[in-house]
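Asker: Sequence:
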Amino acid sequence: MPADPDVRLDARTIDGEPFGDIVDALDDLGPEETLLLVNGFEPEPLYGVLEERGFDYETERAGNEWRVYVTRAE
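full-length UniProt numbering applies: residue 1 is where the sequence shown begins, and numbers increase by one.
No lab work stands behind these hints: they were computed from the structure. Computed from a predicted structure; not experimentally measured. Misleading hints may appear alongside valid ones.
[Stated by the list, open to error] Across the chosen pairs, the derived CB separations fall in these ranges:
#	residue 1	residue 2	range
1	Gly-63	Pro-31	23 to 33 angstroms
2	Glu-74	Asp-15	28 to 38 angstroms
3	Ile-14	Gly-63	14 to 24 angstroms
Just so you know, even glycine gets a beta-carbon here, dropped at the ideal spot from N, CA and C.
Please model the complete structure; the sequences and the hints are all you need to start from.
Answerer: Okay, structure coming up:
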């Protein structure tokens, strides 16, 4: 897992549906940057969206927190 992500988005702090904020963060992600998405549950529906949009991801669980590291696919 990348030790120092370029962008961090904690979906737990977003009022309402976080999908729009996540898509905005993905659109702004540079070619060599990493987005760390933090969530209170595993965001399984997001994985298909990431793959369709050309992103790679790695997921880890840390206690009651899920961390998804997202990069642009090569």
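Asker: Now tell me, hint by hint, if it's right for this structure.
Answerer: Verification of the supplied hints:
no. : hint                                : verdict
1   : Gly-63 - Pro-31: 23 to 33 angstroms : 32 angstroms, holds
2   : Glu-74 - Asp-15: 28 to 38 angstroms : 35 angstroms, holds
3   : Ile-14 - Gly-63: 14 to 24 angstroms : 20 angstroms, holds
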